[in-house]
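Chains as they are written, first to last, in the numbering used here: chain P, 1 to 173; chain Y, 174 to 540; chain H, 541 to 716.
Hints listed in this document are in silico derivations from the structure and should not be mistaken for laboratory results.
Note that the coordinates shown come from a computational prediction; the quantities given were computed from them, not determined experimentally.
One or more of the hints may lead you astray.
Calculated pairs, DSSO-like style, for lysine-lysine (alpha carbon to alpha carbon, straight line, at most 27 Å) [to be verified]: (1) K366(Y) with K140(P); (2) K590(H) with K645(H); (3) K227(Y) with K697(H); (4) K227(Y) with K579(H); (5) K648(H) with K590(H).
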Amino acid sequence: MEQAEVMLDLLFYIFSAIAVAGALGVIVNKNPVTSAFCLIAAFIGLAALFIQLDAYLVGIIQILVYGGAVMVLFLFIIMLMDMASEERRRFGLGAVAAGLLVSVVFVVQLLRVLGDYSPGSKVLGVLPADAATDVEQIGKLMFTQYYFPVQVVGVLLLIATIGVIVLSKRELK
Amino acid sequence: MDWINIAVTLIKIVVLTFMVLLPMIAYSVWAERRVAAKIQNRVGPNRTGIPFTKFGLFGLGQPIADGLKFIFKEDLTPAHVRTGYFWLAPALTMVPALMTCAVIPFGSELNIAGYKIPLVIADLNVGPLFIFAIASLSVYGIVLAGWASNSKYPFLGGVRSTSQMISYEISLGLSIVPIIMIFGELNLTEIVKWQDANGWLLFPFWGGGEFWQEALLLIPVVISFVIFTVSMFAETNRLPFDLPECETELVAGYHTEYSSMKFALFFLGEYAAMIIGSGLAVTLFLGGWSLPFGIGSELVDKPLWLGIAHFFSFLIKMIGFILFFIWVRWSLPRFRYDQLMRLGWVFFFEIALANVFLTAFILLYFN
Amino acid sequence: MAIVVKRPKLTFGEKIYLSSIAKGMMITIGHFWRALFGKGTVTMQYPEEKWDENLPEYYRGAPALVTDEQDRERCVACQLCEFICPPRAITITPEEIPSDDQWAKVEKRPQKFEIDMARCIYCGFCQEVCPEQAIFLRKDYAITGVSRDEMVHDKKKLYEIGGVREGLVNKWNKLK
């Protein structure tokens, strides 16, 4: 089992590096398309980490929804935008201050939460070999215990869709 | 034991992708040209055989000659492109197409000296979803090619392909929901095993199962099959829906500015996607590697000859499906763009959705 | 006046196109099957099979100069063909016919007559414009060479291809 764990560790570090580098690339790059691609790389690294945790469905959905659909639309819009003006734009003092504030709050929050745990204090239990697949488990939870929230989210999406149609149709006239 | 497992996986990756899939890509290009020629009463490439001899071998040397030609052509990078992305785009079309073959079960298992080797690289529990996820990434290659080329026809091609692929991903995904409901399983290997025992999904005439339920289930299965196949054509940008590279309107669409091996990668990526699509269709609907009439399905311990027969059974079905792709390409005219969108959003999306309910109804009340 | 185009009213079967698609697919696979067994294929395997004996009379191959029954070169170096030639493939250097020659009254003949076959487009304008019936398009089509110089047909080569042509109008003959 020794070698397998070495390999898993190695893969974990590779994919975390991809995810972190991608996330950094998003904010460091001036070119919006490069940022978008860095974000995709970050999503793929994250998906790989999920898959390493045996959460296949979450990982795949991460790629399918975020990587394959949402980011395509993002990219689509970025490409139709005027790139040159976007690259030249400078940030105002207010924007920088707000960004700093948000990140400081986030880091403090993160440190508080992480401070409660020392490394290795909480170990994920190993799944029993005869457990149902994660797809089945998620499906069961979604349609029994969390059936109402799922329905609410569905209605919310429907309202958003109708709203978009109404707004875009009004603009046509 | 661990290292043996890793080594076996590596060998499987090398053999299945580089010695099965890549030659299949090359020869599907040859088949495309030969079949197109036959359909149009021509001959097609029939001379490139053994060099310096008169043996043409039906032109079977053509893919090698094509490859050499692509490698030795001048690789032109126009001055106005965004170079980094221009280089990245061809790889992004080829790599996802090759990655998806990781979950396709090419055969049952090879029993070599008591050591059973399943002929699938990664036996994931989310097989079809994995294929859709990775295939949805292949749109980036086209979009990026269109954008990085920095000229109008490739850009239009990229824009078209984006909306086309997103639209048809929906009907593609919805069309296999009824199938998964029938199998009750997302693992492609298990799906094929189910079909091996109970008859192929489209031809459930052997194996177990209740007659009435099977006959009724054929209705949603056939609807699913039609939607799945048509959406697969749209996803792989094959001819009735090849609007991203529509020659009459867009010169060559997203790969207008590409030459040499970079163009070849786009070209091969399209065929790789087509082959994987055929593989998925065969796995889901035509029984994967299982032999017809339930031959050998009762054997639990599969001997070596059965494993090899399963492998070739899968290959033959896949080749048949590829020939169907080619046949359609040389028969049907191209859709107009609004027709394409109408077909995807107004018809297939709704029918696929209704099909899910129909299947659920049948499964519930005719059990 | 505006024309009202009557659109045919399609039945439901025609509207979903499935029957027409099936019909089209049957046609193509029919062609495929026939071609698979060697029937219906019209391609000729060129270097082995040639169509030479079936070339029609009006076939436009390489242009060439002809001599007539009296072994006289018919070209009088009027240079009309040189002027009309669209790709400017023809170059003529005229010379005077010496006065002691039998055909001295024709006055001119080409000293050099060159057709660059790398430029010739086989349009046949030269043949059409020639007032002397001196240049004809023959049935030679495989004109090859390993250099540009080899692709230029000089006078000797042109007469070699053209040969002697009988039954033409002989307007320079002495009246009897």
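Each hint tested on the structure:
Simply put, K366(Y) and K140(P) have alpha-carbon atoms about 24 Å apart, close enough for the 27 Å limit, and the pair holds. At roughly 45 Å between alpha-carbon atoms, K590(H) and K645(H) are farther apart than 27 Å, so this suggested pair is violated. Distance restraint check for K227(Y) and K697(H): the Cα-Cα separation of roughly 34 Å exceeds the 27 Å cut-off, and the hinted pair is therefore not satisfied. The straight-line distance between the Cα atoms of K227(Y) and K579(H) is roughly 23 Å, inside the 27 Å bound, and the hint therefore holds.
Distance check on the hinted pair: K648(H) and K590(H) sit about 41 Å apart at the alpha-carbon level, beyond 27 Å; violated.
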